[in-house]
Amino acid sequence: MIKPTLGALAAAFVAAVAGPAAALQVFACEPEWGALAREIGGDKVSVYVATTGVQDPHLIQARPSLISKARTADVTVCTGAELEIGWLPMIVSQSANKKIMPGARGVFQPTDFVHLLETPASLDRSQGDIHAGGNPHIQSDPRNMIPVGKAMADRFAELDPTNAGVYHARYTTFLGNWQAALKRWQAEAAPLRGIPVAVQHRNWIYLETWLGLRRVIALEPKPGVPASSGYLAQVLEVLKKTPVRMIIRAAYEDDRPSTFVGGRAGVPAVMLPYTIGGTDQAKDLYSLYDDTLSRMLKALK
Amino acid sequence: MSVGTHAEPNEQSMTRSRPPFGIALMAAGLALYGQASAAPAKAAPADFATLQQQINALRGEYEAKISELEARLKAAEAEVAAAQQDQTLAPVPEANGEIILADTASEPAPAAVMPSQNAMNPGVSVVLNGNYVARSTDPSLARIPGFPMPDDGGPEHRGLSLGESEVTLGANVDPYLSAALTVSFDGSGSASVEEGFIQTTDLPAGLTLKAGRFYSAIGYLNERHGHNWSFIDMPLPYRAFLGGQYGDDGVQVRWLAPTPFFLEAGAEIFRGDRFPGGGADKNRAETQSVFFHTGSDINDNSSWLGALSYIHTVAHDRMTAMDTFSGDNGLGLATLVYKWAPGGNPAQRNLTLSGEYFFDRQSGDFNSLSASLNRTGWYAQGVYQFTNRWSLGLRYGALSGDRPARTLSRSALDDLGRNPRAITGLLEYDTSEFARFRVQFSHDETDLKANDELRFQYTVVYGPHGAHRY
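First to last, the protein sequences are chains A and B.
Oh and the first sequence: position 86 is 98 in the numbering used here, straight run, nothing missing.
Oh and the second sequence: position 139 is 260 in the numbering used here, straight run, nothing missing.
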């Protein structure tokens, strides 16, 4: 007796505030997955991106705005492998949206479709901020966009069968463009092959693998544990014996450790966009890697 | 979840103080919940047709699994194809030649095979804390004139002590429910169930139901466990009006509106045995509450949360010190929270400002003498993390009591014309997001004699990584 009234009320409310909507409401945790969802979904999806390129995706506050966006989502596209463990579970449980609860088909995690590197042999918090499933920062290797894009097209098609053809066709187009871009980037990146580098946080393993960089050292003693000045002094000693060509860090990270060590060791400290919006130049998926390479190549000169 | 008894039409206290909106929400929620949980029960193989249906369903599932595997295989092939496009760029083995200082390398290893007996174990997290308290007055004599408080709401003992230790066991029960149990041990070792509830995960229309023992969602801080408080203790009005926080046995329904901004409404009914209620032994739920939450982003740097809450409690011969009280208590709370972090990146610097206003109306018999009081209170606090790992906090709280009828003058209800207030400063250092060390200083003018208090506290949380509330 009460239920239909409430339902009608809620429906009227939704119609009033939501207006005409795309077929799929996508809640993307990071800008790169938001961009990929737009590549695959086109105008059939409406994408909300929960973080900006200058935010650390490990540490996001479970803000009211995120909860209200998750409430109406049909699918979440979030990296997974525990990257968002400090905030996303709180948002999902408060969103009261069964479509995106753990185990639902509306949960799409790109790390499920890529072979993860740096899987820890043992799990203990004394190791710092380690991720049980492996290193989650897969977007730094653009080749990973292919399996993720394919799986995303399949998942969108499953969730929205009416537009299945659109998603698959858009994936095929994307695949063609992306393979051309990969060819171009790999040619451009030839001078970077095999160079020794230092990283501020261990979030570049996939970039290192793609470009064949040789990681000599990280500027944090353990993942997610900020370096003390004593530790940085030890790093400088190592860099005297084993010089590196550059120290790379993500746009969202504090610049002090890499500029400090870079200044002392006479090595360029290079800020990379890490994701779309990390730098002004990294405007979309393509320019993300254009800018990443151009910044590294510039530092090499 | 035998909540049926609460809906008896002749239970006047229910209908008097809880808005029909809450009842409607709860009834609708319960009805929907019944549907959701009834579905799996139908699976009993009554006849051949159902068996056939089950087989079809299984087949569908397998087909879905196989097509997913095919998709993965194709994706893997695509990845390999892309990798082979340029033969000169074969991947370099990971962690190749990296120099690790004072650290054991994380070598790639096969995923640990879990013994099947443990595979479904709930997440276990443990909170430990330790305190040192020094204060200028004797805590056993502490009181706030005009605000009688329960015996367990008093200040902590002086000296070194192990604080309240907590163990939480949480997991999904099945596709429809999750559950959590928090057992807390006080310093002397006696255990109590702090929270123990089941919660729905599969209701439609933004509804969530919760049943069991839990902290009420009124206000901003009430729902938080001690290890998530911004200061070592609760603000003055929480202590005076709720004896710390209100947690009781009951049922809660929440509804999150499908609006582009955050809007949540909820209602609760509780047994009513906790302060400011007490002595509940009737069929009805003696405590009822409603709450509304809203909030949004202001820009990339800042966001806010607002809340209005109301809780009604009934006391039957409630004892505070040597006094008894029987009657009604209505408490309203208005909440505003503001958070700031440069670029929305709280790792280095962030600020949280929050404030709540309390309005309390109490009427009944205090030591068999008629008493009617209007009391208010408020607090405002700010915590600023000025650099990675370090925070400073400042809090001010005040109460405004009432003067009861002359027959009760000089009793515990008489505020003696005073305005209790307290100011608190905090310095915090976190070794990681799982451990913190605090030093807190308070100057407290709530009692007849001012009290200065210095506290040290450590708090650690270990177990699965918990997600943080706003």
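Misleading hints may appear alongside valid ones.
[What the hints assert, rightly or not] Partial pick of chain A residues on the chain B-facing surface, computed with a CB cut under 10 Å: (1) Thr64; (2) Val66; (3) Ile79; (4) Lys110; (5) Val119; (6) Asp141; (7) Ala176; (8) Gly177; (9) Val178; (10) Thr291; (11) Gln293; (12) Lys295; (13) Tyr298.
[Stated by the list, open to error] Computed cross-link-like contacts, DSSO-like style, restricted to lysine-lysine with a CA-CA straight-line distance of at most 27 Å: (14) B:Lys331 to A:Lys81; (15) B:Lys331 to A:Lys110; (16) A:Lys111 to B:Lys403; (17) A:Lys313 to A:Lys252; (18) A:Lys310 to A:Lys252; (19) A:Lys195 to A:Lys111; (20) A:Lys295 to A:Lys252; (21) A:Lys253 to A:Lys195; (22) B:Lys331 to B:Lys403.
[Stated by the list, open to error] With beta-carbon atoms standing in for the labels, derived distance ranges: (23) B:Val560 to A:Val250: 36 to 42 Å; (24) B:His278 to A:Glu249: 32 to 38 Å; (25) A:Ala144 to B:Asn488: 57 to 63 Å; (26) A:Glu249 to B:Ala455: 42 to 48 Å; (27) B:Gly546 to A:Ser241: 26 to 32 Å; (28) A:Gly140 to B:Met443: 51 to 57 Å.
Hints are computed from structural coordinates only; laboratory data are not their basis.
For glycine and all other residues, C-beta sits at the position ideal for the given N, C-alpha and C.
Hint check:
Checking A:Thr64 against chain B by beta carbon gives a least distance of about 6 Å; that is within 10 Å, so the hint holds. Taking 10 Å as the C-beta cut-off, the interface hint given for A:Val66 holds, the closest approach to chain B being about 5 Å. Taken as an interface hint, A:Ile79 checks out: its beta carbon lies about 6 Å from the nearest beta carbon of chain B, inside 10 Å. Hint on A:Lys110 holds. Least Cβ distance to chain B is approximately 5 Å, under the 10 Å limit.
With a cut of 10 Å, the hint placing A:Val119 at the interface with chain B is violated, because the nearest CB-to-CB distance is about 13 Å. For A:Asp141, the interface hint holds, the least distance from its beta-carbon to any beta-carbon of chain B being 8 Å, beneath 10 Å. Contact between A:Ala176 and chain B, as hinted, is not supported at the beta carbon level, the nearest pair being about 12 Å apart and thus beyond 10 Å. Because the beta carbon of A:Gly177 sits about 16 Å from the nearest beta carbon in chain B, more than 10 Å, this interface hint is broken.
Evaluation of the A:Val178 hint against chain B yields a violated restraint, the C-beta minimum of about 17 Å exceeding 10 Å. Hint status for A:Thr291 relative to chain B: violated, with the closest Cβ pair at about 13 Å, above 10 Å. Taken as an interface hint, A:Gln293 does not check out: its beta carbon lies about 18 Å from the nearest beta carbon of chain B, beyond 10 Å. About 17 Å separates the beta-carbon of A:Lys295 from the nearest beta-carbon of chain B, more than 10 Å, and the hint is not met.
At its closest, the beta carbon of A:Tyr298 sits 15 Å from a beta carbon of chain B; the interface hint therefore is violated under the 10 Å criterion. Annotation: proposed proximity of B:Lys331 to A:Lys81 holds, straight-line Cα distance about 23 Å (limit 27 Å). For the proposed pair B:Lys331 and A:Lys110, the alpha carbon gap of about 15 Å is at most 27 Å, so the pair holds. Only pairs whose Cα atoms come within 27 Å are accepted, and A:Lys111 paired with B:Lys403 is rejected, the gap being roughly 40 Å.
A C-alpha spacing of about 20 Å is found between A:Lys313 and A:Lys252, which places the hinted pair at or below 27 Å, so the restraint holds. Distance check on the hinted pair: A:Lys310 and A:Lys252 sit about 23 Å apart at the alpha-carbon level, within 27 Å; holds. Taking the CA atoms of A:Lys195 and A:Lys111, the gap is about 38 Å. The hint is violated against a cut of 27 Å. The hinted pair formed by A:Lys295 and A:Lys252 fails the criterion: a straight-line CA distance of about 37 Å is larger than 27 Å.
At most 27 Å may separate the alpha-carbon atoms for a hinted pair to count; A:Lys253 and A:Lys195 exceed this at roughly 35 Å. With a C-alpha separation of about 22 Å, the suggested pair B:Lys331 and B:Lys403 falls inside the 27 Å cut-off, and the hint holds. Take B:Val560 and A:Val250: their Cβ atoms lie about 37 Å apart, and the range 36 to 42 Å holds. B:His278 and A:Glu249 have their C-beta atoms about 50 Å apart, which leaves the hinted 32 to 38 Å range violated.
At roughly 60 Å, the beta-carbon separation of A:Ala144 and B:Asn488 lies within the given 57 to 63 Å, and the hint holds. Checked against the hint of 42 to 48 Å, the C-beta distance between A:Glu249 and B:Ala455 comes to roughly 58 Å, which is inconsistent with it. The supplied range of 26 to 32 Å is met by B:Gly546 and A:Ser241, whose beta-carbon atoms lie about 29 Å from each other. Range check, A:Gly140 to B:Met443: about 55 Å between beta-carbon atoms, so the 51 to 57 Å window is met.
Of the numbered hints stated above, those contradicted by the structure are hints 5, 7, 8, 9, 10, 11, 12, 13, 16, 19, 20, 21, 24 and 26, listed in ascending order.
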